[in-house]
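Chains as they are written, first to last, in my numbering: chain A, 2 to 742; chain B, 5 to 157.
If you are wondering where the hints come from, they were derived from the structure by calculation, not from laboratory data.
Hints may be right or wrong, so weigh each one.
Taking lysine-lysine and the DSSO-like style, the derived pairs with C-alpha atoms no more than 27 Å apart in a straight line are [what the hints assert, rightly or not]:
#1 LYS405/A / LYS269/A
#2 LYS302/A / LYS466/A
#3 LYS690/A / LYS74/B
#4 LYS690/A / LYS218/A
#5 LYS120/B / LYS690/A
#6 LYS74/B / LYS120/B
#7 LYS626/A / LYS121/B
#8 LYS328/A / LYS466/A
#9 LYS302/A / LYS669/A
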Amino acid sequence: MHMLQKLEPGVVSGLAAALSGAAQTPLSRRFVLAAMGGAGIGLVLGLRPEMAHAAPAGADTAGQAFNPFVRIAPDGTVTVIVKHLDKGQGIATGLATLAADEMDADWSKVTTQFAPADAKTYGNALFGGAQGTGGSTSIAASYTVYRNAGAAARAMLVAAAARQWGVDPSTVKVSNGVVSAGSRSAGFGALAEAAAKEQVPAEPKLKEVSAFTLIGKEGVHRVDNVAKTTGARIYTQDLKLPDMLVAVVAHPPRFGATPKSFDATAAKAVKGVKDVVMVPQGVAVLATTTHAAIKGRDALKVDWDESKAETRSTADILADYRGALTKPGLPVEAHGDVEAALKAPGVKLVEAEFEFPYLAHAPMEPMNAAAQVKDGAVTIWTGCQFPSADLPNAARTAGVTPDKVEIHTLWAGGSFGRRALASSDFVVEAVAIAKAHGKGVPVKLVWTREDDMKSGYYRPVYVHKVRAAVDASGKPVAWHHHVVGQSILAGTFFEQVMVKNGVDETSIEGTHGAYDIPNMKVELTTMKAGVPVLWWRSVGHTHTAYAVEVMMDQLARAAEQDPVAFRLAHATDERLKAVIRLAADKAGWGTPLPAGRTRGIAAHKSFNTYVAEVAEISLADSGVKVERVVAAVDCGVVVNPDVVRAQIEGGIGFGLGAALHDAITLDKGAVEQANFDTYAPLRMSEMPKVEVHLVASAAAPTGVGEPGVPPLAPAVANAVLAATGRPVHRLPFAGQAFKPA
Amino acid sequence: MAVTLTVNGQARTVDADPDTPLLWVLRDELDLVGTKFGCGQALCGACTVHLDGTPVRSCQTALGDVGDGKVVTIEGIQGREAEAVRAAWVSLDVVQCGYCQSGQIMSAVALLAENKKPTDPDIDAAMDGNVCRCATYHRIRAAIHDAARRLEA
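Turn these sequences into a full structure, and let the hints steer you where they fit.
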């Protein structure tokens with residue numbers, strides 16, 4: 002594994018805190034308008050004529066740069082430069098909305114383009130200035146940046162119009178892309194050249210909330226919805242460059258194994274195969290077409306050195322983890338006297354051991370990246386989620402300085418965390434292959450679905466043990482929570498600042514704080530395994546929310562109280578209570594259901610966003626059928642309500658698929674799943690009816706990419722508990738029999 | 005070897021073995037990259053195209069089996085159903101990452117060509133082979149109903 006060695010400490014702590022959903026630094030009001038100069042910032046691809054549609058609309062030549070975030074073309078097209086990767090979450094739409102609203106632009110003339118790798122200009126304030134996307138930070142980090150950028154551009158348009166028309170700037174109005182004063186008017190395009198020369202306002206005046214025309218409004222459509230319904234949207238998988246070769250790699254059968262030797266005779270006999278090279282990650286077959294590269298890879302014979310490979314099976318790993326539950330872990334949180342409270346007379350004790358599997362991200366677009374190593378420089382094309390890691394990692398792999406690396410970010414076919422990692426695994430692999438081939442041509446690394454499923458970086462396996470108690474009055478008085486699992490941050494550059502006293506925040510985030518428990522103790526035991534692990538949509542909350550929220554229902558039962566009333570009585574945060582009330586109200590909590598149906602609720606704060614979900618289920622021979630989910634969300638100021646709803650709907654489906662079916666398992670170290678038959682994604686027939694209700698809020702905006710996921714699985718489990726009287730302590734649900742009580 | 009096939013109404017000749025999956029012929033030989041590679045095993049539907057009007061998984065359709073069949077891809081799909089489906093998709097902002105949506109749209113158009121007013125179970129049955137990891141299913145279902153209403157009008 003290639004790891005980034007150096008990153009400024011502030012960057013690392015900010016990044017790690019943001020990715021883990023820990024305390025975020027307040028938004029900076031300071032607005033940095035770095036001069037753009039004449040540098041083009043778009044993709045310049047040497048495309049075949051057939052592929053002309055790969056060049057993004059409003060590319061680098063598109064008119065005048067007003068600042069690093071806004072350009073205006075002569076035809077009036079406004080291009081918003083997007084500093085975060087859009088992998089489906091809608092951030093391009095969100096950031097464009099912020100700038101366009103402050104500009105009073107015509108939304109139908111707004112387009113977007115991804116920013117180059119340039120942390121100084123496009124860094125994420127919540128990542129300590131590192132450039133990257135994750136931790137549901139993009140809107141929170143960029144809300145003021147893009148509003149300022151839009152407001153500055155508007156002020157410059159107004160100044161230019163006033164100068165041209167000889168009127169006072171205060172008499173100039175801007176509305177829907179038209180600048181006017183009295184009887185005079187002009188479009189943005191006509192004014193762009195002059196306006197770009199106007200002085201850049203240091204502190205542009207921002208709109209009052211009441212003046213918003215796009216922010217928070219219904220009917221502001223996604224910027225990518227047309228190109229993604231015509232087949233015109235180009236992803237890395239679709240990239241074609243002159244003389245490009247496609248590389249498909251034989252990866253080791255076990256994590257930690259390395260290639261020893263190979264026989265490429267049969268592979269090289271495949272028509273179209275041009276080269277076979279060994280790299281640290283495996284043996285790569287380079288061919289003129291994807292099909293030839295796959296056939297070549299299939300024909301390859303490789304001997305592997307498995308002396309350092311992980312050879313345990315999942316059952317062995319789980320047994321080791323359960324063994325660790327019997328010994329004390331490292332302290333995470335402690336107040337009161339848990340042991341005394343658990344043994345106090347009259348308390349009702351509830352104990353549970355939870356088990357969570359490895360999970361693959363499995364986005365629809367398998368991992369890929371194109372790289373060209375030529376004349377001492379590296380060019381990369383990929384759905385780049387983490388430029389501040391990918392750029393130095395690529396430089397180190399190619400043996401060049403970071404200033405010799407250029408990254409072109411393309412739209413990504415999903416990520417769920419997989420494209421943001423300290424090791425830049427698939428980017429580094431593409432660079433290593435391009436370098437080993439040595440001909441200076443672009444090489445597009447393509448992982449097949451099987452590569453994507455088997456080549457690592459999973460949500461780690463965890464086991465939890467929880468012992469908790471309610472007193473005779475029904476109040477939860479004690480909670481002892483022990484988490485055992487692998488650290489996501491260990492061995493990465495995050496470890497030095499983010500793992501404190503052995504405790505990885507991403508392992509335990511979400512275990513405590515939501516409810517008022519007078520005697521509490523949380524412990525963590527970090528285990529080592531040779532399995533590469535990574536954040537997976539909502540990180541630690543994927544398992545902590547489950548354990549906490551299933552336990553809360555068990556405690557409510559012990560207290561003989563309604564689960565909603567029980568949560569409302571003990572939740573510490575008014576915003577959490579508000580989403581619980583709203584979800585319960587909209588779901589008709591307490592009203593009769595058709596025979597065979599039950600409800601369950603769960604609520605959780607993650608990434609500073611509050612979500613409660615009520616799941617309505619029925620039980621069939623085939624298992625749990627989720628009929629309906631009602632969600633309530635408080636993410637502060639809402640930039641685009643429909644995008645927020647879409648993210649929560651998607652989070653519900655993503656969480657449900659994993660809860661119902663999914664586990665990556667190892668047989669003597671080898672991953673047993675390969676494709677969507679053995680790692681079953683949620684399908685249409687399993688998608689419940691979903692309603693998402695948003696809390697009107699003036700609080701600072703927070704993210705929504707992840708927070709829809711954590712409450713889903715426990716809400717379903719709590720509905721199963723309501724139906725069967727038995728709590729579900731192991732995920733996935735598949736293979737477990739649930740019988741109505 | 006040279007093989008001629010009809011794609012989006014045009015005769016196209018490619019130099020590829022008959023066992024080459026249609027998916028790679030479309031993407032690598034004909035530059036029709038709107039048809040996506042998702043699983044290679046007919047498990048996800050991202051590569052769905054129409055062969056004589058029927059939705060097929062191009063990753064498991066050999067070039068040699070296409071013969072005189074008419075292949076239509078997302079780039080070439082036309083007609084009332086296609087227009088209604090696209091209009092509904094855009095109106096409801098169905099897409100998220102969008103990578104599966106070519107295949108979703110090809111399946112939805114084929115469904116509406118057969119069944120002008122599909123019920124939820126009809127939609128589930130027709131669309132179950134098309135995976136969306138962003139889980140846009142909820143909106144796909146609504147968009148197919150919306151497209152059906154547009155076709156009635």
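Structure-based check of all given hints:
This hinted pair does not check out: LYS405/A and LYS269/A have alpha carbons roughly 33 Å apart, beyond 27 Å. Taking the CA atoms of LYS302/A and LYS466/A, the gap is about 46 Å. The hint is violated against a cut of 27 Å. A distance of roughly 37 Å separates the Cα atoms of LYS690/A and LYS74/B; the hinted pair therefore is violated under the 27 Å criterion. For a cut-off of 27 Å, the pair hint linking LYS690/A to LYS218/A stands: about 24 Å separates their Cα positions.
Using a Cα cut-off of 27 Å, the hinted pair LYS120/B and LYS690/A holds, with the two alpha carbons roughly 22 Å apart. As the CA atoms of LYS74/B and LYS120/B are separated by approximately 23 Å, the hinted pair is consistent with the 27 Å bound. Pair hint LYS626/A plus LYS121/B holds up; C-alpha atoms about 25 Å apart against a cutoff of 27 Å. Taken as a hint, the LYS328/A and LYS466/A pair is honoured in the structure, with Cα atoms around 12 Å apart against an allowance of 27 Å.
Between LYS302/A and LYS669/A the alpha-carbon distance is near 21 Å, which keeps this suggested pair within the 27 Å criterion.
Of the numbered hints listed earlier, those contradicted by the structure are 1, 2, 3.
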